[in-house]
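**Q** Just so you know, the sequences run in chain order C and P.
Going by the numbering used here, 136 is the number at position 136 of the first sequence; the sequence numbering is gapless.
Going by the numbering used here, 315 is the number at position 315 of the second sequence; the sequence numbering is gapless.
No wet-lab data here; the hints were simulated from the structure.
Any given hint could be a false lead.
Okay, derived cross-link-like pairs now, SDA-like style, lysine to any residue, Cα gap no bigger than 20 Å in a straight line [as the list claims (entries may be wrong)]:
id: 1; chain 1: C; residue 1: Lys114; chain 2: P; residue 2: Lys414
id: 2; chain 1: C; residue 1: Lys110; chain 2: P; residue 2: Lys298
id: 3; chain 1: P; residue 1: Lys342; chain 2: C; residue 2: Met93
id: 4; chain 1: C; residue 1: Lys110; chain 2: P; residue 2: Pro341
id: 5; chain 1: C; residue 1: Lys170; chain 2: C; residue 2: Gly74
id: 6; chain 1: P; residue 1: Lys342; chain 2: C; residue 2: Lys170
id: 7; chain 1: P; residue 1: Lys342; chain 2: C; residue 2: Trp159
id: 8; chain 1: P; residue 1: Lys414; chain 2: C; residue 2: Met93
Across the chosen pairs, the derived CB separations fall in these ranges [what the hints assert, rightly or not]:
id: 9; chain 1: P; residue 1: Gln315; chain 2: C; residue 2: Asn145; range: 33 to 39 Å
id: 10; chain 1: C; residue 1: Glu60; chain 2: P; residue 2: Gln315; range: 39 to 45 Å
id: 11; chain 1: C; residue 1: Asn145; chain 2: P; residue 2: Lys318; range: 37 to 43 Å
Chain P residues, not near chain C, derived (Cβ > 12 Å throughout) [as the list claims (entries may be wrong)]:
id: 12; residue: Gly226
id: 13; residue: Ile351
id: 14; residue: Gly458
id: 15; residue: Glu465
id: 16; residue: Gln470
Quick reminder that beta carbons are idealized off the backbone N, C-alpha and C, glycines included.
Now for the letters of each chain:
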Amino acid sequence: MKCRNASAPRNVKSVATAIALAFVFGSASAGNDFDYCLLCHGANANGNYGIRAPKLSGMEPWYLARQLENFAVGARGTSAEDAPGHEMGPVGMRLKAEGAIDAAVQFIGKLDSKRPAPTLTGDVAHGKKLYENCASCHGARGEGNPALQSPALAARSDWYLVTQLTNYQKGLRGADERDTYGAQMRAIVATLPDEKAITDVVAYINTLK
Amino acid sequence: MTNQFSRRDFLHLAGAVGGSTAAFRAAMALGLLPAAAHATRPQLASLKKSKKVLILGGGISGLTAAYELSRKGYDIQVLEASFRAGGRNMTLRSGDRIDETGFPQVCNFDKDPDLYFNCGPARIPGHHKELLNYCQELDVELAPFINDNRNAWVQDDAMFGGKPIRAREYFNDSRGFVAELMAKSLKKEHLTGPMTAADWEQLREYLKQFGELDPQFKYIGTARSGLASHDYTFPDQLKKPLSPSELLKSRFMQIMSFGETDDQAAMMMEPVGGMDRVVAGFLRKVGHLVQLESQVQKIQVMNRGVEVTYRRNGQYVKAKADYVLNCIPMHLLAGIEHNFPKDYAAGFTAIPRGKLFKIGLQMKERFWEREGIYGGISWTLQDIQQIWYPAHGIHRKKGVVLAAYTFDPNAGEKFARLAPADRIKLAIEQGSKIHPDYGKYVETGVTVAWHQMNHMLGCAAQWDEALWKQWFKTLQAPVGSHYLMGDQVSYHPGWQEGAIASAHRAIADIDARERAAGSVAA
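Assemble the whole structure, with the sequences as input and the hints as a guide.
**A** Below is the structure:
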C-alpha cells in the first residue's frame, strides 16, 4: 500500500493554483483537495449537524466568496465562543493563495444541492410577522438579493440560521469592521429580541420555497 | 481544567478516553454482558462461494474484520478516506504528516527508532486479550509500559504554592494522615453491621499498615514517601510529612486512583517501536485490500446488499457489496447521504464526539532521568494535565515526552484554537512548573487535536449511561446488510479492545447468516 501519487487537477483553474492548493492543505495530491470541504460539510456539502458544519451547496457564489474572504482575513471565526466558526477559521486562512477562493466556490457550485430536512419547530405565524423586517433585504420568499449582497435564506440548514442569528446578537459575527455587510446584519438582528423570536423566524423561513 | 470533577467524571477519566467503566458495570448489572468473561474471537466458517464485503474505514476494527473475513473466502475491500490506514492508532516519526483541518503539520523529530510519539492509543492492559492475541499472531513485539510512577511529580497551583511534589509524597502522606485521623477517632462502640467491636483491633491494625503509623497510631512519616537522602553511607532519614491541609487543597485526589483502575494498573504494555506496529502487522496480511483516499459520500441499503458511493481522485465511484461494515465516525456519518431508518440515523448526532488533545516534544536530553524518573506520568491540574516519560530508549541522549494529554474537552478546545507553535508554547509554559528548565530542552514538537484531525474530527464517542440505554442496541444492530463498527459501537470506546470487540460481533453475525443460508463449506 502506497500513498497515491499526485494526479491531474480537476476542479481548479490552473496548475499553478493546484500547486498553491496542495500547499494550502498540505497534501501531496491537489486533485481532490476540495474533498476536504465534504469531510466537514457532508456529502455534496449539504451540511452535517453532527459537527455543526452548515450546508454550503446552493449558496450564492458571491456570498460564499465573501465569507471565505472573511475567514481568510480573520474577520470571522476568531471568537473562542463560536467554536464551529473557530474550526473553520484556520481553514479559511489557508485559502489566501491566488485563485484558491474562486476554485473553492467553483467546486461547491457543482455539487448537488438538496433541501435540508427541518430540525426545529416554532411559532410560524409569529415568525412570519418578524420576517417582515427580513424580507426587504432577503426577499419575501427568502430568495436573497444580489444587488444588496443579501444571501438567500430559504433551503439553508435551519439550525445554522439559528446559530448565526445568535452569533450576530452576541457580537460573535459582524463585529469586525472589515465585515461591513455583517455589521449591517448585526444591527438589524436587534429586531429579534430573544431565543424564541429567532426560532420562530427560522421556523417561518423553513416554510419558504 | 476549570470544573470540579464528579465521581462520574472520574470514571470517565479512568476509562482514559471517553471512559466506560461505569456504564460497562451498569450493563453487566442489567445482564447485558457476562461477568468477567472474555468475548472470544469468532470461529468463522469458510464460504463455498465468495461474498463481497466493503469495509468503510481502515482503523483497528476495519482491519480486524478484513483480516478475519478475508481468510474465510470473503472478497474484501477496505475504503479508507485518509492518506494513511490505522485510524486513531497513529504513531508519528520523522517526516510524518499530521493531517489537521486548517493546521497541517509535519513531524520534525530526528530519524531514530526511539524518537516517536503515540498520539492515539499508547498502552495495552494485560486483560485486553483479543488485541494481545493479534499482537502475538501478527508478530508485534511488546515491551512493558510504565503507567504509574510514584517518583514522578504532582503539581497543582492550589497546593504548596504550585511547587511540584513527588507522587509518592502525595499518596503516602495523605494516606498517613487519613489513617491516623481514623485510628484516633474510631471507637469500639462505633462498630455496627458487618464490623463488630471484636474486629476493632484488626481494623486499627489495618489502618496502621495502610498509613504506616507508629505504635501509638501516629503518622510521623514513611519511607514510602521517599527518603530525605539516598546517601547510603548515612542512616536512613525520613522526609518530614507534608502538611495535610495543603494536600487537601488539591483536586488531584479526584485523579489519584487513575493508575489503580481496571485498564490502567500494571501490567501495561506497548508495542516496541510504536503503537502503529499493530496497524503494520494487520497491513502485512491485508494491506493489499486497503484502498486509501476514498471518501464515502453515500450509502444505500438495498433489499439485497448495500451500495456505496465514494470519491477518489475527485470522481464519484460506485461499489456494491453483499455486506458493508461501516467504521466511519458517527458524527461524520451524519453528513453522508443514506437511506437508513430515521430512528437509527438520529443516533449519529446524539452521541457527542470526544475532544482529546496530545502534544509530543522531542527533548535534546532525557533530563527527567536525572530526576530519578524512568517512564510513567507526572500529573498537573493545569490544562496539559499530564507529562509522560518514555519507557523506551532509557539513558539514550534524546527522548520524546508527551507534554499534554487533556481529558477535559474545554482544555482540548483551548489548545486546538491555537496555532501549533502556540500550543507548544503553552505546553512549555505549563510544563515549566514541573521541570524548571523544561523549555530549554525542547527541540521540536507535534500537536494532535483529534477533533480537528481530518477523517476523524473527534476522539472516542462520548457515551454516558442515558445515551447507552437509549441508543446502543439500535446502533449495534445491523440495518439490512449494513453494520456499524468501531470502538464507537462498543462498551469500551477509546480502546482498541473495544474496536476489536465490535468487529468480532459484526463478523460473527455475518457468519451466522451465512451458515443459516447454507452457504458455508461443510
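**Q** It remains to establish, for every hint, whether it holds in the given structure.
**A** Going down the list of hints, with the structure as the test:
1. At most 20 Å may separate the alpha-carbon atoms for a hinted pair to count; Lys114 (chain C) and Lys414 (chain P) exceed this at roughly 35 Å.
2. This hinted pair checks out: Lys110 (chain C) and Lys298 (chain P) have alpha carbons roughly 17 Å apart, not beyond 20 Å.
3. Taken as a hint, the Lys342 (chain P) and Met93 (chain C) pair is broken in the structure, with Cα atoms around 37 Å apart against an allowance of 20 Å.
4. A C-alpha spacing of about 29 Å is found between Lys110 (chain C) and Pro341 (chain P), which places the hinted pair above 20 Å, so the restraint is violated.
5. This hinted pair checks out: Lys170 (chain C) and Gly74 (chain C) have alpha carbons roughly 18 Å apart, not beyond 20 Å.
6. Of the pairs offered as hints, the one joining Lys342 (chain P) and Lys170 (chain C) is violated, with about 34 Å between alpha carbons and a cut-off of 20 Å exceeded.
7. Our distance criterion of 20 Å between C-alpha atoms is met by Lys342 (chain P) and Trp159 (chain C), whose separation comes to about 18 Å.
8. Only pairs whose Cα atoms come within 20 Å are accepted, and Lys414 (chain P) paired with Met93 (chain C) is accepted, the gap being roughly 19 Å.
9. A hinted range of 33 to 39 Å holds for the C-beta pair Gln315 (chain P) and Asn145 (chain C), which are about 36 Å apart.
10. Checking the proposed 39 to 45 Å range against Glu60 (chain C) and Gln315 (chain P) shows it is violated: the Cβ atoms sit about 26 Å from each other.
11. Here the CB-CB span from Asn145 (chain C) to Lys318 (chain P) is close to 40 Å, well matched to the stated 37 to 43 Å.
12. Every beta carbon of chain C lies more than 12 Å from that of Gly226 (chain P), the smallest distance being close to 41 Å; the non-interface claim holds.
13. Distance check for Ile351 (chain P) against chain C: the nearest CB is about 9 Å away, which does not clear 12 Å, and the non-interface claim fails.
14. With a least CB separation of 8 Å from chain C, Gly458 (chain P) falls inside the 12 Å interface cut-off, contrary to its annotation.
15. The claim that Glu465 (chain P) lies off the interface holds: its Cβ sits roughly 21 Å from the closest Cβ of chain C, which is beyond the 12 Å cut-off.
16. Non-interface status of Gln470 (chain P) relative to chain C is upheld: no Cβ of that chain comes within 12 Å, the nearest being about 17 Å off.
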